[in-house]
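K.L.:
Those sequence lines, one after another, are chains C and P. Per the numbering used here, the very first residue in the first sequence carries number 784; after that it's consecutive. Per the numbering used here, the very first residue in the second sequence carries number -16; after that it's consecutive.
By construction, these hints were calculated from the structure, which means they are not laboratory data. One should not assume that every hint holds.
As the list claims (entries may be wrong) - No farther apart than 30 Å at their CA atoms in a straight line, the calculated lysine-lysine pairs in the DSS-like style are these:
no.: 1; chain 1: P; residue 1: K(-7); chain 2: C; residue 2: K912
no.: 2; chain 1: P; residue 1: K58; chain 2: C; residue 2: K911
no.: 3; chain 1: C; residue 1: K911; chain 2: C; residue 2: K825
no.: 4; chain 1: P; residue 1: K5; chain 2: C; residue 2: K883
no.: 5; chain 1: C; residue 1: K903; chain 2: P; residue 2: K(-7)
no.: 6; chain 1: P; residue 1: K9; chain 2: C; residue 2: K911
no.: 7; chain 1: P; residue 1: K58; chain 2: P; residue 2: K(-7)
no.: 8; chain 1: C; residue 1: K981; chain 2: P; residue 2: K(-7)
no.: 9; chain 1: C; residue 1: K981; chain 2: C; residue 2: K992
no.: 10; chain 1: C; residue 1: K911; chain 2: P; residue 2: K(-7)
no.: 11; chain 1: P; residue 1: K9; chain 2: P; residue 2: K(-7)
no.: 12; chain 1: C; residue 1: K825; chain 2: C; residue 2: K992
no.: 13; chain 1: P; residue 1: K(-8); chain 2: P; residue 2: K5
no.: 14; chain 1: P; residue 1: K(-8); chain 2: C; residue 2: K911
no.: 15; chain 1: C; residue 1: K911; chain 2: C; residue 2: K947
no.: 16; chain 1: P; residue 1: K5; chain 2: C; residue 2: K911
no.: 17; chain 1: C; residue 1: K883; chain 2: C; residue 2: K992
no.: 18; chain 1: C; residue 1: K912; chain 2: P; residue 2: K5
no.: 19; chain 1: P; residue 1: K9; chain 2: P; residue 2: K58
no.: 20; chain 1: P; residue 1: K(-8); chain 2: C; residue 2: K903
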Amino acid sequence: MFDLTGKTALVTGATGGIGGAIATALHARGATVAISGTRAEKLEGLEKELGERVHVLPCNLSDLEAVDALPGQAVEAMGSLDILISNAGVTRDQIFMRMKEDEWDDVLRINLTAYHRLAKACLRGMAKKRFGRIIGITSVVGVMGNAGQANYAASKAGMIGMSKSLAQEMATRGITVNCVAPGFIATAMTDALSDQQKEAIYGKIPAGKMGTPEDIASAVVYLASDEAGYVTGQTLHVNGGMVMI
Amino acid sequence: MSDIAERVKKITVEHLDVDAAKVEPKASFIDDLGADSLDIVELVMAFEEEFDIEIPDDAAETIQTVGDAIAYIEKNNA
Chain C
784 MFDLTGKTAL VTGATGGIGG AIATALHARG ATVAISGTRA EKLEGLEKEL GERVHVLPCN
844 LSDLEAVDAL PGQAVEAMGS LDILISNAGV TRDQIFMRMK EDEWDDVLRI NLTAYHRLAK
904 ACLRGMAKKR FGRIIGITSV VGVMGNAGQA NYAASKAGMI GMSKSLAQEM ATRGITVNCV
964 APGFIATAMT DALSDQQKEA IYGKIPAGKM GTPEDIASAV VYLASDEAGY VTGQTLHVNG
1024 GMVMI
Chain P
-16 MSDIAERVKK ITVEHLDVDA AKVEPKASFI DDLGADSLDI VELVMAFEEE FDIEIPDDAA
44 ETIQTVGDAI AYIEKNNA
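So that you can see chain C by itself, here it is in the shape it has in the complex (with noise of 0.2 Å):
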């Protein structure tokens, strides 16, 4: 089950967390992956603890003309790219009456402009082969709202969006076009929470505590399996309960 040997990926946002644990697991079933995010030693880090099959592939997602050409770099690197990963995303937190333009607008820009950017690229060589694997990396915050978060939840709910109506149009392809929408994971990010602030996100989760990167790199793992075949559209909520949609 959810073997991946002889697939290509290429996973963004690397360098974090939750995008090393995904180029892991994928990596750990098989896979080759294209590795990518801004900070160039983390990923060459990365490389080394998974040794073979493992390309590095330095991008700033937020100039959109270096992330039109990452896939093609990523086609280059390893003869095909058979399933994309959009994982890299930012916050640039502010009540929304303050928030600036610019807050507003990067975070659209690299959280879904530059999803819809790869993915575009991605989909010639896919629909040739018949087989694809997009999946983006949302957030529960994109299906419920969160207050200070007015962008970021508007780039992951645009995110949804589009997934949906990609995979409507590329189903007959063999090409499938998921999310998967983590709660609070224990990350760097959650990390800077303080404890009080953190007993009360465990107050709302039913299962008690937060969730692991590598609870989201399976799930990413199952949709790019062949055994995933028939999803396509969905939003898988890796979340401990938190919310149930």
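Fit chain P to the known structure of chain C by using the hints.
P.N.:
This is chain P only, laid out in the frame that chain C set:
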């Protein structure tokens, strides 16, 4: 048949998986050859690649038959 017509025919047969005899100039991609809208997009992309040309969206919309495709490419394949 010109070289361009032959290549258009070959791409159409390969892409739509249809009998070569059915791919004649007056054949409609959608009505006669069973293409859907996504097939048309893919065919246009395949023609662009094969002939190293750009087919803008408004021109692509006018390409409905095999003959339309051949005529457009002959005109724009300088």
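K.L.:
Take the hints in turn and mark each one as holding or not.
P.N.:
The hints, checked one at a time:
1. Using a Cα cut-off of 30 Å, the hinted pair K(-7)(P) and K912(C) holds, with the two alpha carbons roughly 18 Å apart.
2. Of the pairs offered as hints, the one joining K58(P) and K911(C) holds, with about 27 Å between alpha carbons and a cut-off of 30 Å not exceeded.
3. Distance check on the hinted pair: K911(C) and K825(C) sit about 34 Å apart at the alpha-carbon level, beyond 30 Å; violated.
4. Between the alpha carbons of K5(P) and K883(C) the distance comes to roughly 59 Å, so the proposed pair goes past 30 Å and is violated.
5. With a CA separation close to 26 Å, the supplied pair K903(C) and K(-7)(P) stays within the 30 Å bound.
6. Distance check on the hinted pair: K9(P) and K911(C) sit about 26 Å apart at the alpha-carbon level, within 30 Å; holds.
7. Among the hinted pairs, K58(P) with K(-7)(P) is consistent with the structure: their alpha-carbon atoms are about 19 Å apart, no more than 30 Å.
8. Taking the CA atoms of K981(C) and K(-7)(P), the gap is about 63 Å. The hint is violated against a cut of 30 Å.
9. Annotation: proposed proximity of K981(C) to K992(C) holds, straight-line Cα distance about 9 Å (limit 30 Å).
10. In summary, the hint linking K911(C) to K(-7)(P) is supported, as the alpha carbons are separated by about 16 Å, within the 30 Å threshold.
11. The hinted pair formed by K9(P) and K(-7)(P) meets the criterion: a straight-line CA distance of about 16 Å does not exceed 30 Å.
12. Between K825(C) and K992(C) the alpha-carbon distance is near 28 Å, which keeps this suggested pair within the 30 Å criterion.
13. The hinted pair formed by K(-8)(P) and K5(P) meets the criterion: a straight-line CA distance of about 10 Å does not exceed 30 Å.
14. Annotation: proposed proximity of K(-8)(P) to K911(C) holds, straight-line Cα distance about 18 Å (limit 30 Å).
15. Using a Cα cut-off of 30 Å, the hinted pair K911(C) and K947(C) holds, with the two alpha carbons roughly 21 Å apart.
16. The suggested pairing of K5(P) with K911(C) holds, with an alpha-carbon distance near 23 Å, which does not exceed 30 Å.
17. Proximity of K883(C) to K992(C) is assessed by CA-CA distance (about 34 Å); at most 30 Å being required, the pair is judged violated.
18. For a cut-off of 30 Å, the pair hint linking K912(C) to K5(P) stands: about 25 Å separates their Cα positions.
19. Restraint check: the Cα-Cα separation between K9(P) and K58(P) comes to about 18 Å, which is no more than 30 Å; the hinted pair holds.
20. The hinted pair formed by K(-8)(P) and K903(C) meets the criterion: a straight-line CA distance of about 27 Å does not exceed 30 Å.
Checked against the numbered hints listed earlier, the structure breaks hints 3, 4, 8, 17; every other hint is satisfied.
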